[in-house]
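Sequence lines, in order, name chains A and B.
My numbering applies: residue 1 is where the first sequence begins, and numbers increase by one.
My numbering applies: residue 1 is where the second sequence begins, and numbers increase by one.
Heads up, the list lumps identical chains together, so a pair's fine if it works in one copy or across two of them.
Below are the DSSO-like pairs computed for lysine-lysine, each with C-alpha atoms no more than 30 angstroms apart in a straight line: (1) Lys475 / Lys4; (2) Lys93 / Lys297; (3) Lys52 / Lys69; (4) Lys432 / Lys406.
Hints are computed from structural coordinates only; laboratory data are not their basis.
Number of protein chains: 2
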Amino acid sequence: MLLKVKKLDIDSGEFSVILNEEDAKEMSIAGQDRVRLKTDKSSIIGIVLTSKQSVDRGEIGIFTKTWEKMKLNGDDKITVTPTTKPESVEIIKKKMDGLELTTEEIHTLIRDISDHALSNIELTAYVTALYINGMNLRETADLTKSMVEFGDSIDFDRPVYDLHSIGGLPGNTITLIVVPIVAAAGLLIPKTSSRAISSACGTADIVEVFMNATFTANELSAIAEKTNGTMAWGGGISMAPADDIIIKVEYPLGIDPHPQMLASIMSKKKATGVDFLAIDIPVGPETKIKTVEEGVKFANEFVELGKLLDIKVECAISYGDQPMGRAIGPAVETIEVIKILEGSDYPRSMVEKSCEMAGMILEMAGMREGTKRAYEILKSGKAFKKFQEIVEAQGGIKDITSDKIKLGKYKQEIYASKNGYLKKASNRAFVKIVRAAGSPRDHGAGVILNKKLGQAVLKGELLYTIYADSEHKLKHAVELSRKLKPMRTEGIILDRVPSYSMLDRDKPSAWDYMDKDLLKSDDPENNKND
Amino acid sequence: MLLKVKKLDIDSGEFSVILNEEDAKEMSIAGQDRVRLKTDKSSIIGIVLTSKQSVDRGEIGIFTKTWEKMKLNGDDKITVTPTTKPESVEIIKKKMDGLELTTEEIHTLIRDISDHALSNIELTAYVTALYINGMNLRETADLTKSMVEFGDSIDFDRPVYDLHSIGGLPGNTITLIVVPIVAAAGLLIPKTSSRAISSACGTADIVEVFMNATFTANELSAIAEKTNGTMAWGGGISMAPADDIIIKVEYPLGIDPHPQMLASIMSKKKATGVDFLAIDIPVGPETKIKTVEEGVKFANEFVELGKLLDIKVECAISYGDQPMGRAIGPAVETIEVIKILEGSDYPRSMVEKSCEMAGMILEMAGMREGTKRAYEILKSGKAFKKFQEIVEAQGGIKDITSDKIKLGKYKQEIYASKNGYLKKASNRAFVKIVRAAGSPRDHGAGVILNKKLGQAVLKGELLYTIYADSEHKLKHAVELSRKLKPMRTEGIILDRVPSYSMLDRDKPSAWDYMDKDLLKSDDPENNKND
Chain A
1 MLLKVKKLDI DSGEFSVILN EEDAKEMSIA GQDRVRLKTD KSSIIGIVLT
51 SKQSVDRGEI GIFTKTWEKM KLNGDDKITV TPTTKPESVE IIKKKMDGLE
101 LTTEEIHTLI RDISDHALSN IELTAYVTAL YINGMNLRET ADLTKSMVEF
151 GDSIDFDRPV YDLHSIGGLP GNTITLIVVP IVAAAGLLIP KTSSRAISSA
201 CGTADIVEVF MNATFTANEL SAIAEKTNGT MAWGGGISMA PADDIIIKVE
251 YPLGIDPHPQ MLASIMSKKK ATGVDFLAID IPVGPETKIK TVEEGVKFAN
301 EFVELGKLLD IKVECAISYG DQPMGRAIGP AVETIEVIKI LEGSDYPRSM
351 VEKSCEMAGM ILEMAGMREG TKRAYEILKS GKAFKKFQEI VEAQGGIKDI
401 TSDKIKLGKY KQEIYASKNG YLKKASNRAF VKIVRAAGSP RDHGAGVILN
451 KKLGQAVLKG ELLYTIYADS EHKLKHAVEL SRKLKPMRTE GIILDRVPSY
501 SMLDRDKPSA WDYMDKDLLK SDDPENNKND
Chain B
1 MLLKVKKLDI DSGEFSVILN EEDAKEMSIA GQDRVRLKTD KSSIIGIVLT
51 SKQSVDRGEI GIFTKTWEKM KLNGDDKITV TPTTKPESVE IIKKKMDGLE
101 LTTEEIHTLI RDISDHALSN IELTAYVTAL YINGMNLRET ADLTKSMVEF
151 GDSIDFDRPV YDLHSIGGLP GNTITLIVVP IVAAAGLLIP KTSSRAISSA
201 CGTADIVEVF MNATFTANEL SAIAEKTNGT MAWGGGISMA PADDIIIKVE
251 YPLGIDPHPQ MLASIMSKKK ATGVDFLAID IPVGPETKIK TVEEGVKFAN
301 EFVELGKLLD IKVECAISYG DQPMGRAIGP AVETIEVIKI LEGSDYPRSM
351 VEKSCEMAGM ILEMAGMREG TKRAYEILKS GKAFKKFQEI VEAQGGIKDI
401 TSDKIKLGKY KQEIYASKNG YLKKASNRAF VKIVRAAGSP RDHGAGVILN
451 KKLGQAVLKG ELLYTIYADS EHKLKHAVEL SRKLKPMRTE GIILDRVPSY
501 SMLDRDKPSA WDYMDKDLLK SDDPENNKND
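Could you build all of it, start to finish, from the sequences and the hints given here?
Below, the structure written as structure tokens:
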């Protein structure tokens, strides 16, 4: 059926089109069915919605995404033909049934996803099945290769180094310190990062506080050639476009299936021609990886997958019992990182980890005492100079300094209600609070921690501050923090079971008679947990 | 934010609304986020799409489904407030992680689904997780009860009998024979059926060829009081509305998760006050249930689930190696069934099974020799009279007879390419072919089988005929039938391995010299497979 286009400026996330109900009936088409859309310029598969009045008979309503993909003009006509489900639907069902997929099947699946040929319902069935049934290493390598094949790639003519953190640890912004150190040492590190799926904010979200993150393959390549380093958004470069399509259904579910996570990471590395890769695997009860044993298993998977993909991989299992550093959220993390680049040794955990990871990369390039060398580059100011150079090359704030970054307009301080030591600082609860405050979309949304695990806390002392860009989101985040209680303090005596009377929990404890100045000391140099 | 409504006549299947991108930004809302929509008349949760031009600032685009649910008028204003994800998203994740859900969690989940509070992405994650991880009997009973709670129920003041087939067997239209027999015997059988999910067509799809299937609870109750029996669509009665919402994402995936299937069946029975239930479980390599052992296990689940729900259940494990009867598709199955009601004893398999199942119900009501009695009622013409009475009560064709039903306009006959016995008649392949021909939406789409398993077939004899309402769908179905080869004939000698020369497979075989009239005899009385 030949239909006249009618532009509907709606972004539905799928290649949807709207048919008049009568036209649809004539073609025996119902909602969610597929049609081939054809002009002399292009031909794609669309998913049908039907309408009685929005489009007249003889018309076809075209959503923004479809309009752009087909490069339509206002007086174009489209030939619409009913078509069947793509083969991938049966392949997804095979994975739902717990079966291994062949190389060919994975190739077909990723081709269909890259072509936007699958509906959100089908994509969701895929990520859910993958989350539950997983994939073996052979399937994962095939998944990675297919994702690279249907996207852009960049070639460099010298060795490419890279860093990756598997995430799950709020505040873990080491990329913005490691990349400048490594680039300043003369190595090529065209780093790309992702946006948050279930975390508080991804490095790509943070970077956008002060510079562009979205580049074409050519632009990224040019910046890397000039500065040795980039800090960009992977998805903007059309490398492994399947990944970004998949993320759009993972995000509302807050899931990140294991094989998809591996392939997502490795496909971006493969597409930027990475030869040497350092991977940070934070371990803790509230990160993605719970135990060191699990971390080592995961590390081995990366190493083996690297072999199938021709990438030399080295992994670091790192401490993740509480948030890294003291900041969670785009603006607050940016400020913390730039202060370190400007010369601060605080928070120590951030400085130590960044230099360790940068050192690992320097050693992969054959340098000795990598960590020491990385720290020297950081302290010399060369890393900060390199950082400013990259920020300018990525179209960001010129001569950037930490005081040029704005915090959220609204804030609420949360105080300790009793004396004790900080016993809990929950990654998961802080992620939820920061997301409720508006992160990653609202740059000002975030939390600054004033206490870290093991520190003494006095009743009435500041525990953390919540920031937000909007009042209702601040309110929502504060309510959530009251419900989740992300921090807990405990005395040496955890509880008492009185036999003679009910214990008055509000009456003064030993704490109240002790030397306050001594307890208040939270000099970061004296606190190994900070 | 207070926004002016703008009606967009689009049926998206979700409670979607469109916000102007700038308004959305101001509220820090992005696509797929949730908002509460409030007028003085109603308050629901909507899922956001954003647009630059379709709606102006200060406007909110409302899709058909949302418009009707909120009972809006053209000059209404809606207060829009950002809101968080419903609790059910975490509950779905728990099932994805393979954990058992509590009574309370299942209640919350089904409440949210019934309220249309979940997006298609979330619903898909639920059915996929259920398909893979399943539920135990306690969870399934809770699921059933919750589905009943959030829907309409019907009370009758005398015992209610019912029939159910779990499906998976094409052509299995026994409902249209069993209900008239049981109702003619004076028992109350307010039967409701479902539409096809992955089958060729459901009983509710077939019924719509000649009468209404969609009734309110009151209407259904009134028809049942008057005629003793109904043959209606369950989903039209707003019993267990969650089920129909779930089916909308199961359908495009072609799945029907086990616990959801159990709950879907039993909730509809519970909501119509069923006391006694006969269940047909077809078993065969290409039905839902592969072996008799599996069928017995399934039957026990029904019996036990019935106990938790106060329904007396009896199951029949039935033969399902090939399609029931000779017809698959709405119109062709209708004709076959009415011919039996008119007096035909052909196809024998349909007559036998219908009388067995009806007899089982008569025996549950305390009558003796149920099958014999059922056959007597059928042969006496009382069942046909009752059928006509119900059809008229449901607003269908008056004095309906088989010759009033129209076949599809387009047809293609498929002939045998060699002599032999019919060795295969694939349920699954015929379902795919009939669906490709347009079933269940196109009533004329279908297949009539001319041969059944074990029958002699001569080269050039008619194997089956494909019908369709549209030419391109007929073409598609015929192509598919060539690819799938749903029927296969074999001689007594299945293959030969010649040592001296290549065998000429086209040269005449023993068949070609035998008495054709003898072989052609496919008198249904002489064929136990028909």
